[in-house]
Amino acid sequence: MTDQAQGWNRRDFLGGAALLALALGVPTASVMLSPASADEAPSDRQMQVLARVADLVIPRTETPGAVDTGVPAFVALALAHGLSASRTALVAPDSALRPFLRADSSLRHLPWLEATLDRNAQGNFLAIAPAEQARILTALDAAAFPPGPPPQTPAPWATIKGLILTGYYTSEPGGAQELRYELVPGRFDPDIALAPGDRAWSSDWTAVEFG
Amino acid sequence: MEFDAIVVGSGITGGWAAKELTEKGLRVLMLERGREIRHQQDYETETKAPWDLPFRGQGDTEMYRREHPVQMLNRHFTEWSENHFVNDRENPYSTAAGSDFNWFRSYQLGGRSLTWGRQCYRWSDYDFGANKRDGIGTDWPIRYADLAPWYDHVERFVGVSGAREGLAQLPDGEFQPAMQLNVVEQALRERIAERWPERCLTIGRTANLTEAKPEEGRAACQNRNICNRGCSFGAYFSTQSSTLPAAQKTGRLTLITDAAVEKIDYDPVSSRVTGVRWIDTRTKTRRSATARLVFLNAGAFNSVHLLLNSANEAMPRGLANSSGVLGTHIMDHANTLSAIAIMPGFENRTSFGNRPTGIVIPRFRNLDRLDGKGFTRGYSFQGGALQSAWTRGKREAGIGADFKARLRAPGMWRMVLVAFAESLPRASNRLTLSRTKVDANGIPQLEIAFSHGDQERAALADAKAEASAMLTAAGGQVIVALDQPGAGGTAIHEMGGARMGWDPRTSVLNRMSQAHDIANLFVTDGAQMSSSACQNPSLTYMALTARACDTAVSMLRDGVI
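Residue numbers (the working numbering), protein chains in the order written: chain A, 1 to 211; chain B, 1001 to 1561.
Next up, chain B with everything else stripped away, as it sits in the complex (with noise of 0.2 Å):
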């Protein structure tokens, strides 16, 4: 089989890969490791009830301490969800001696792009700048004027609706109609303005459609939050309800799912790679195919263990790395709950519909001045207000008709923030191939090396102190106030491993995504993160993954490459 190009991976980045590609002209084969998953036809739970399920949506808990132990320690792994996570037994990964990394995986058609969280946020200068204003890291070769015509360019496919507000932290984007906040959110947005004029309390950034795009096949969004079971209204941005469509309308793509990816081939003569092989996972055969072009979209930690395993007698060390980082500077926001507080003074109001995202408070420490006691960078709180419900009774007494009536209404208002604080880039938190233990397919598996800094637990240190002092401010009563850090991949947004950069002595990229080493080979999931900010990173891969389409035709046609 030969192709112009081959993405693998089907998730975010590559569902935009093979979308972009197709769209201006290529054969492009798409590989995905994991089962087909058909839009609408396959989101099997998708309209079940609690009582339609054997475990009524808590899943069966023995079940999951056999198959998906690392998994189900995620809250959105719920037995809605299980089909659309990874089987942890079949899929092993080591962590070093003295890591605590819990790795969320979606192996399916799609990926992770069934069940992100869909927020949507652009990085600014503030972030691009980062490593270079402290020193951490290596410099990013790229700055916002650099993205910002490709953050417009796939926004205005995703749908991402949101409210301007002019930050120069979190630049506004091209937004459809933002969703509302609830009473209690908006008083606090007033309260916490009045008292920090800097600090903006705003509607999450989310994929989430309030206009419909019929173009795409998009409905609006119904309010029902429950994304991840797949939404057959194509109300958030999936592979399956948007980039998928897309390629397969220009009659460019082929797609094949149950392809586990084991090896790029690369021929040292000419300095390129010439294609992959993968094993059909059903048969277990194992099979290839040619293209000029390579995209590799496997997700952060899976390009980085391809490219490390895609070693060949010209690159010892592992595909593209001259450099001797490939497999450093990983990174996963480190995360906590920074306060909960009751919000007294609302209780005879309510809203009505789930919506599907909550707040955000963009990040107000060390922009202009450097004001972070022990850290450099910066934080950021997302959260929302909500009504707590009947699971309240759980740890309340009482017994009886009584104690039935009390559970029947809704009960005090609660206000949550959790933190999302910016992870540095170091060389020690690394992924390397394991020497002693392979997977099911004899492949080495990923060893993940990582921990949290002090410069994160300074940030979430203050994020405690900072999201208490808003809370109480605005009438709340504090109720819980943390700092420390989960285990490493809590925040589900792991990234890093074949950074970009300037130089090809100390970077496995270069600014256009492109390997240093290797003309045709582009790595556009979370790898190519030199640095983690505190937003959430998916809009900024899909940009840059535009980004790298629109550079490697262009060299295509060329003749560059």
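This is chain A alone, in the form it adopts within the complex (with noise of 0.2 Å):
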């Protein structure tokens, strides 16, 4: 609990411009999305290195971990149907993301996460050991979530982990198992201790949509 008696930290303005968006309907892209095409599929690669991706963020611990639990075919659902403002267009892009553009401007986020990783890894993200593959994560995370003010457009790896965490705090392990789900608490008890070890509600709805 000592980090949060500090009080607040700079990431909780990024959940207040988050909790605006919701507040004002703030509309997350205006360009209208084309159908997912059959062009947009993943590669069986990409999709080897989303899972390990997946892992790194959500690794199997005494609870399921991401892979466990089909995170992977989710992420790929939402990138495809644009949620979580993934089918955004981009302005004034940085160049490194020029190549993953589509014709729209928004990104194709596997293609560039699998480039990224390949080449922060020196060749194949896929085949280095598994402590050189959450270091080389580490800095692409730390580098998405700096410190200070959060960038303005939330940078392509902050998009794939936020859909990492929701497919994996939705599925059922996720919900119900790491976290606690109840559809119908029946009562409402306005003032509880809280235990040390006690897990969170994934069924406070409210508390979900406001982060």
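Hints were generated in silico from the structure; no laboratory data involved. None of these values were measured; they are calculated from a predicted model. Only true hints are included.
Below, in silico cross-link-like pairs of lysine to aspartate or glutamate (DMTMM-like), each with a Cα-Cα straight-line distance of 25 Å or less:
| no. | chain 1 | residue 1 | chain 2 | residue 2 |
| --- | --- | --- | --- | --- |
| 1 | B | 1048 | A | 182 |
| 2 | B | 1437 | B | 1258 |
| 3 | B | 1048 | A | 172 |
| 4 | B | 1048 | A | 189 |
| 5 | B | 1249 | B | 1042 |
| 6 | B | 1249 | B | 1036 |
| 7 | B | 1373 | B | 1198 |
| 8 | B | 1373 | B | 1139 |
| 9 | B | 1213 | A | 189 |
| 10 | B | 1249 | B | 1216 |
| 11 | B | 1048 | A | 68 |
| 12 | B | 1437 | B | 1280 |
| 13 | B | 1048 | A | 209 |
Need the complex rebuilt from these two chains, each delivered in its own frame; the hints are there to steer you.
In structure tokens, the structure reads:
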């Protein structure tokens, strides 16, 4: 609890911005999506990279991990259907992103992820040792969530990581084993003790919505 | 088909009109443009977990952009509730140049009674006297005393839980036991009262039952807070759970769904409406019925649309529009997120269950003393304290087992305050029929011209400053503070367009919600509002509806109409 007791941190600004978007109905994108097409289907290797990365974010512990719970398939579906603003046209995209843009300036996240990790691994990301994979992903993650005010546009990795978390915590093992799920609480206790180790509720809809 | 009364619309006020009129002995036809949704049988997503849904509750963004580009901007629109909101592509509307208005709609049996926020607040004489006091808009022809017994009447049936606070600006009602403040909200209530004795943080007054109403077949709230999926416990007030069964019990209700009303028939000789015409949207055939009374409860903008579209030779500017003000002075509360604060000091406390209401801090500006800078009306806050959930991981660095372990625990408590500022009635904010665009049935589209004004912006600027001051004084650390209103429609409190008033030359309806021009025509939804107050308006619509029904039936019995 000590890190929490220190009070606010800059990340909460981003939470506020997301909350504002929810409260005010700010459009997450102004472009119309075309239906997901066949040439958007991820390659087998892109899915392998996604699976590896998903398990690095949420590994199997005493509860199932991301791959155990079908997260890669969910993330691929979510990206194909533009969830979490993933089909938003990028304004003034970084030159490194240009090779991965669609005609509408939105990013093809999975080819970008595959190429970026291979480049950072100076070879085949899937072939290097797990510890090295974790080191590379940690660096990418740190760059996506920099100190100071959050980036105006979320980094591509932030979008992918967000969908990995959604995929995991809205799966049955993630929502009901790792966390707790109760569809019918039946009562409201306004003030009870929180003991160390108590798990959060995935069925606290307001908290999930507002972050 | 011939009836005593026709009620157009089955939402919050249509349900009330059907209930009151049938219970008083009238044979009533209720028309609903949308599909039938049966209580307890058709709430298809009610018990689904996120993992039961293909998009885990977030919904198919690609499909939403095609079919629901406006509705998807509403935070209540999710994969669970998407079937309780309109298809925008099939139900187009226009906005005037320079207007930004998001019209959130529910076209189905029960209308928005299935999806509403359930907050039930009485208006006071600060509200009914507002237009007269500052001279903006037309004076309400009623005051609180006219409506108080009708508030009692509807609250008893609805079942409103709330705390009695003795506030002049937010009169107490016939409440069921209040839901409880959580530990952070309780502390905030006490700390605010210490510094500002005139400011009262209290639990939301909500149409969720804390005590069952077995006589209505309704169970107490289970604290799920998934109301807009539909509630088989009948624990919140909706047409399906409450007014429809009551009306049906009389044996005098005829309900027709998939019936989009296009015109009201008018007889210039008798100066009476004689019935309505509608399109059966499944067969595309036109049908009609006659009645001695017509109640419009289609939702504020759609009731106005219907009046405009029912223009005839005798009334070329629209039905009941001899004044020319029909469609004007529409409103929607100016709405923004005033502040979010981290609330330290409660790290070892939590709550259990999902309470289906937040808190309210009633208006404290411009009451007996005009103390608003640049604004003469009021604003109030709604919101609540919550403990952040796994979704906070989306904005935090971290991967791996430690990260997973961190997200396992509830996060910091935060307090959220959202402001609703009174929207002023302005002639330039108005509804007209589009001259160029028609809908699928060939009816001219409704065109909305709307913008917030300087008064609303000044009120939200003050709300931002005061929200931060209260949260900071209570030990919070403010991390977000905003003062710009969302687009029109954001509050989903659109109202006005057929305002009440004393003078038939400057208003559409009289003090009984009855058209000045047409004695057997009543408009008892949000269209009748002459000002917007800063409270959620539905309870007032209900009270006005019950009152108008009582008047209409008396007039019918006395042979006046």
